[in-house]
Amino acid sequence: MDRVRTAPGGVRASARVLARGDGRGGTVLPVLEGDGPLAVRRTRGSGAEARVMLVGAMSGPLGGDHFTVTARAADGARLSVGSAAATLALPGQDKAGARYDVRLGVDEDAELNWLPEQLISADGSDLRVTTSVDVASGARLLLREEQVLGRAGEEPGRLTSRLTVRIDGRCVLDQELACGPGAPGGWDGPAGLAGHRAVGQLVVVRPGFATGPPAARVFEEGAAVLPLAGPAALVTAVAPDALRLRRLLDGALASLD
Amino acid sequence: MHLDHHLESSAAVSADARRPDGTRRALRIGLGGPVGSGKTATVAALCRALREELSLAVVTNDIYTREDAEFLLREAVLPPERISAVETGACPHTAIRDDISANLEAVEDLEDEVGPLDLVLVESGGDNLTATFSRGLVDAQVFVIDVAGGDDIPRKGGPGVATADLLIVNKTDLAPYVGSDLARMAADAKAARGELPVILQSLRSEDGVREVADWVRERIAAWTA
Amino acid sequence: MTRAALLVLADGRFPAGGHAHSGGAEAAVRAGRITDAASLESFCRGRLHTSGVVAACVAAAAALGVDPGQLDRAADARTPSPALRVAARRLGRQLMRAARATWPSPELDALASRFPKGAHQPVVLGLAARAAGLGPLDAAYCSLYEGVSGPATAVVRLLGLDPFDATGVLARLSDDMDRVAQEAVETGERVVTDGVDVLPARSAPLLEIGAEAHAAWAVRLFAS
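Protein chains in written order, with UniProt numbering: chain A, 1 to 257; chain B, 1 to 225; chain C, 1 to 224.
Treat the hints loosely; a few may be bogus.
Said to hold, decoys possible - If you want the footprint, here are the derived chain C segments under chain B, 3+ residues with CB under 8 Å:
(1) 19-31
(2) 176-189
(3) 215-222
The set of hints was computed from the structure by calculation and includes no laboratory data. Note that beta-carbon positions come from the ideal geometry of N, C-alpha and C, so glycine has one too.
Take these sequences, add in the hints, and give me the full structure.
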C-alpha cells in the first residue's frame, strides 16, 4: 500500500539526536547532527531537560525528497524536541512523492517530548510520513502530530501519515491517516474529516497509566481522550484550522493531569 | 384469578440446562408485552417478593438504553450488579427472539459474576403483540397486557396472548375508569389460551403480585426437581 | 469450498448481534453529518476504506490460519477508541457463539476458551469462515459487507431514510468492496509470511471521536 515512490533526483537528508543523562541530573547530547536542509540546534533547556530545535524544515520536503529524523532519549535523559516553524510539503518538479520518516526511542528511565510544529500539506504535494516510536516500559513520552490540509484557502495535497507506537516491543497504537486528492474514497466524508482542515494526535505514555489509565472522554466535541491497550493514551482531534486544533490538543492534554 | 396451571408444558430449552462446570443454571423467565402494560413494575414487584428466598437477577432489553434498568436501580429492588441492560438497536423483539446472542451473554455473565442464581428475569422492552421470546433464551414466558390498552386485546389474540406460559392482565384497578370489561377479558383470554393460565392483577393492592410470584415459585420447583 | 455457506454467514439475520450496532452511524446522524442517501454513501465509503479495510485484512488473515492472539493484539492497536474495542469484542463473542452452534469446529472451541469474553469480531469472523469451509476472500467480503450494511440499515431506522435508497447506496459500493476484498486477501497472505505488522492501519478520526461521544450518551438506539 506504499504508493509514494521517491525519485532518484530528490534530496536525501537526515538528522540525528541522542540524549543521555549526565549522571548529575542533567542531560547531555552526545549526538546532534543534521545534513542538507535538516539542521538541529540545542536551545536553552529548563532544569534537567535538554531542548533541541529542528530548523530549516521550511525548505521541504519537495516531491522526490526523503528526510529521516532519528531521536533517542537514553539513560535518564530528558529530551524535548520542537521545530522552529511548520513543515511545508510542496510539490516537486518530477511529480514523485516525498517521504518523511521519524524514528524515536525512549529508554526506561528517560523522557521524550516530541512537539514539532504543524505539517502543512500544500496543493499538489504528495508526502508520506511515518512516525515510529519505541518506548521502554517505565519511560515517559509526549508526542504531538498536527496535519493541516492546505495553506489558507488552498486545496490540500496528498498526505499519508502513519503513526506506530510500541511499548516494551508491543505495538499499542498503529494508525494511518490518508487524505487529499487520490486518497481512498470518503476521507473527507462524515466518517473521516467532514470538511475539517486540521487533524492532530497526542500520544502520552506514562508508567502510571498502567494502573490508573485516564478515562475515555470527548473533549469539546472535536477531540477525544482514548486510553489505549497499554499504559498509554491517544488524544485525537479534528478542527477547522490549525489554531483551534492546537487549542483542543492543549486543553485535552491539560485535562490528563 | 388463577385459571389453570400447566407445568409439564414442554418449556424445554434449546439452551443447555447445565453450565460449563456441570451445575444447573438458573431458571430463565421472560416478560414481554406492549409498551406501558406494566412489565417493569411487575419485575420490580417480583424482585421485592422473591429476593429473600431466591438468588435472582434481571436482564432488561430496552428500546432506548437502560431506561428500564435505570428504573429498577432507582427503585433499588436488587443490588446494581444483579441488573444488566442489553441494547437492542431499537428492536427488542429481535434481541429476545431472532438474535438472542446478546441476551444469552448477559444471562451467563450474571451467573458468572453474582451467581449461583436461582432465577433470571429477562424483560423485553415494550413491543407489539407478536413479540415472543425464543425458547433458546427463556424456559418460560409471561405476557403482560393491561386493561387500559383496550379490553379487546385478549380477543384479538396474537402469539404473545395465545401462547405465553402465563398471561397477566395488569392494572385491574383501572378497569372502571377506562370502561374495560374484566369478565369479558378473562373469557376471551380463556378462549384464546385454552388451558394456559391467566392472572388478573393490580400492583396497587397490598401484595398485588402474590399470584404471579406463586406461579414463579412453582416453575422454580419444577425446574430444580 | 461451498458458496451457500457464504450466504448463511453474510446474511443480516445471522444471529450474531449486528442488529444492535450502527457502525458509528447513530453518532454521525446526531452530529448532522449523515442527513440523506448521499451523506450515508460518503460515510460508508469512508468506513469501508478505513476501519473496513483493516477489519477485512484481519478477517482474511484469520481465515488463512494466522494466530488469532496476534491478530487480536494487532486489532487492538488499530482501534484506539476503547468504546470501539468493547463493541468489537462484544460482537466477536456473539459471533463466536453463533458460529460454534452453526459450524462446530475445534478451532472455534479453542478460540472461545482463549477469549471467553470475546476476541475482535474480524478475528472470529475469519475463523468462522474457516469452520464453514470458506476462504479468505469470503471472510473479507463478509467483513466489508457487514461494515457498510450495518450503518445503512441503522440509518433507515434513524432517519426514516427510504430503504430503496439505502440499498442503492450498498449497490454503489460494490466496486469498492470488490477491490478492497482482493487487497485484503493479498494482505492476508503477506501476514502469513511477514507477520501482523503488514496489516493496514487506516483510521477515520470522526469514527473514533464519534464512538466515544456515543458511548457517553444516556439515551441511544444502538449499542455502537
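Now for the hints, and whether the structure bears them out:
1. 19-31: holds (count 4)
2. 176-189: Violated, because only 0 residues of the segment 176-189 of chain C bring their Cβ atoms closer than 8 Å to Cβ atoms of chain B.
3. 215-222: holds (count 6)
Consistency with the previously given hints fails for number 2 only.
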